[in-house]
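Once you've looked at the hints, dock chain B against the given chain A.
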Amino acid sequence: MSIEVTVFLLRLLSSLILAGFLLALFYLIWRSLNQMTDTLEAEQAHYARLASIGDQNDEHRPDKSFALLPITTLGRSASNAIVVDDEYASALHATIVLEDGRWWIEDRESRNGTQLNDQRIQQPTALADGDEISIGRCRYRMILTKQRFTS
Amino acid sequence: MKPQTARQASGSSTRSRQQWLLLSLSGAFIATNTLALALSVSAEQRDWIGLALWISCALVGGKILQRFLPDRDPILFPIVMFLSGWGLLAIARLAPPFADRQEIWLLISTGAMLLVAVFPHALRWMRSYRYIILAVALALMLATIAFGSNPSGFPFAPRLWLRFGTIYFQPSEMMKLVLVAFLASYLGESATAFRIAGEDGSANVHLPRLLGPTALISALSVVMLIWQRDLGAAMLFFVVFLLMLYLTSGDWRVIAGGAAMVIIAGFLAYHLFDVVRLRVDIWLNPWPEADSRAYQIVQSLMAFSSGGLFGTGLGQGSPLYVPVAHSDFIFAALAEEWGLLGVISVLSCFAVLTLRGLSIGLRHSTSAFRRLFAIGLSTMLAAQAIMIMGGVLKLIPLTGVTLPFFSYGGSSLLVSFVMIGMLIRLSAEARQ
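Going down the list, the sequences are from chains A and B.
Residue numbers for the first sequence follow the working numbering, beginning at 19 and rising by one.
Residue numbers for the second sequence follow the working numbering, beginning at 15 and rising by one.
Derived by calculation from the structure, the hints in this document are not laboratory data.
It is possible that some hints are incorrect.
Said to hold, decoys possible - Pairwise CB distance ranges (calculated):
(1) B:V236 x A:Q137: 44 to 52 Å
(2) B:I358 x A:N52: 18 to 26 Å
(3) B:S27 x A:Q137: 36 to 44 Å
(4) A:R49 x B:A270: 36 to 44 Å
(5) B:L73 x A:L30: 26 to 34 Å
(6) B:L73 x A:N52: 47 to 55 Å
Said to hold, decoys possible - Which residues of chain A face chain B? A few of them, derived with a C-beta cut under 8 Å, are:
(7) L28
(8) A37
(9) G38
(10) F39
(11) K82
Using N, Cα and C, we set each Cβ at its ideal position, and we do this for glycine too.
Excised from the complex, chain A in its bound form:
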C-alpha cells in the first residue's frame, strides 16, 4: 500500500472520529438536558397552600392558611379568593396561577407592589416551596405539596 493511500485512509478515519466525537458530545448534552427536565418535572406540585405568617399588627397566625385554586386572586376587595386586610394592599393586588405544574405569582399593577423574598417582582415569577410573599404589610409563606389537603 503506497503512502498516498495510507494518508488518504488516515484522513478518512480522522474525519470519522471527529464526527463520532461530535455525536458523542451532542448525545451527552442531550441526555443531561433530559435529566434536568426530569428533575424539574419531579419538583412539580399540583397542590399548594398559602400560610399567613404575619400581618399589619405583627401577629403570627400560622394556623391561618388558604388552599390555592388554579387561579387565585389576592387583594383588599371582598371579591378576592384571599382577602388581604391591609390598607397598603390594592383592591386587586396580585394573582397566583397554576400553569404547566408550576405556581406563578403576578403583580396586578398594584400601587405598592408585591414582594417575593423581599424583592419586588417585575414579571410573573415561578414560586418554590417556602417562598415568602409580602403584600402591603401582610406576609405569607408558600407551601407546595403533591397530595390534596385533607383538612
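Using the frame of chain A, we list chain B on its own:
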C-alpha cells in the same frame, strides 16, 4: 441513607464513563492525525513525544479528577484536552520549532488545572484577597509599559510580555482571570443593592457602587489601547465587564449604555489610533490592499475557502501562506486542513464549554460570588473565542487575542487551563 449513596455511586460511574468515552475519542483523533502528519511531511514534523505527553496528561488528569472530585462536570476536562491536543498538533504542523515549548506548557497547565481543581481553598482565596491579587496583576501590567518586551524582537511590535530569563510571561492573560474573580466577588456583594426596586417599579442601579469598577475597567482598557496597542485585550475586558454587570443588575440600560460607550470609543479610536483604523479599514474592504496591509486576512479567507467540507487533510494544505498562522490565525489553518467539519467541531466544543459553564453558575443558587464567577469565566472564554474566530473569518474587525487552548502561547494556555480548573471545582461543589 442507603439508596442515596447507591444513586450517588451510580451517578459518579456514569460520569466517569462519559469522561473516558470522550477522552478516548480525542486520543484516537490525535493519534490518527499524528500518524498522518508523520507520513505526509518531512521528518522534523514528527510529533510522537507530543502524543505521548498528551496521553499521559489525559490519563493522569482523568484519574486524579475521578479520584478527588467524583461529582464534577465530566465533560469539561475531555473537551479542553481535545482542543489543546488538537492545538498542539496544529502547532507541530505549522511551526515545528515552537512545538517543544508548547508541550512543556501543556504539562505545566494541566498540572496547574488539577491543582486548582483539587485544592479546596483556591476559590476562597480568590475572593478574600481580591484587592491584593488585583493590585499585583495591575502592577505587573504597568510593568510591561516600562520593562515590556516582545519575544519576536521586532522594534515596533507591541511589548506585552515580561521576560524572566528564557521565559516570556504575558500579564494581560493573567488579568483575565483576576478581573473575572474580582468582578464576581465585588458585584456579588453588591447584588442585593442592585436588585432593590425603585418606586416606579424599575430597577434602581446604585450609581456610586458602579463608579469604582467602571472607572477601573475603562481606565484599564484605555491604557492597554494607548500604551500597548493591545486592542484585543482592551475590547475583551470591557465586553466581559458589561456582560457581568448586566447579569448582576438585570438592567437593559447597562447593555444600552455600554453599547453606546463602545460605539463612541470606537469612533474616537478610529480617528486617534492607527492600529484601530487599520483593523476597521481592512475589515470593511480588504481587497484593494490584498497584497500589503490586508495580506494576512485575505490569506486567511483563502485558507477557509480551500478547506472545503472535509479539508485538505493534515499536512496537505498550504496554511503557511497565512503569516504567523500558529498564533492568532490558527483557526484559519485548522479550517484549511480539517475543513468545515473541523470548524464545526471547534465551534461546538466552545459552545458546549460555555453552556456547561453557565449551567454550573445557575446551579450555585446560594452564593452570588460562585454564580457570577462561573458565569464570568465561561463568558470570558466564549467572548475570546468569538472575537478571534469572527476576526479570522472577517465577520468582525480583527482583534488580536488568542484562540483559547489552541493558539501558541504559554501564558494563554496556562490561564485558560486554570480557568477550567476553577470551573471544574465549582461544578463539583454545585447543587446537583
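For which of the previously enumerated hints does the structure constitute a violation, in increasing order of number?
1, 6 and 11
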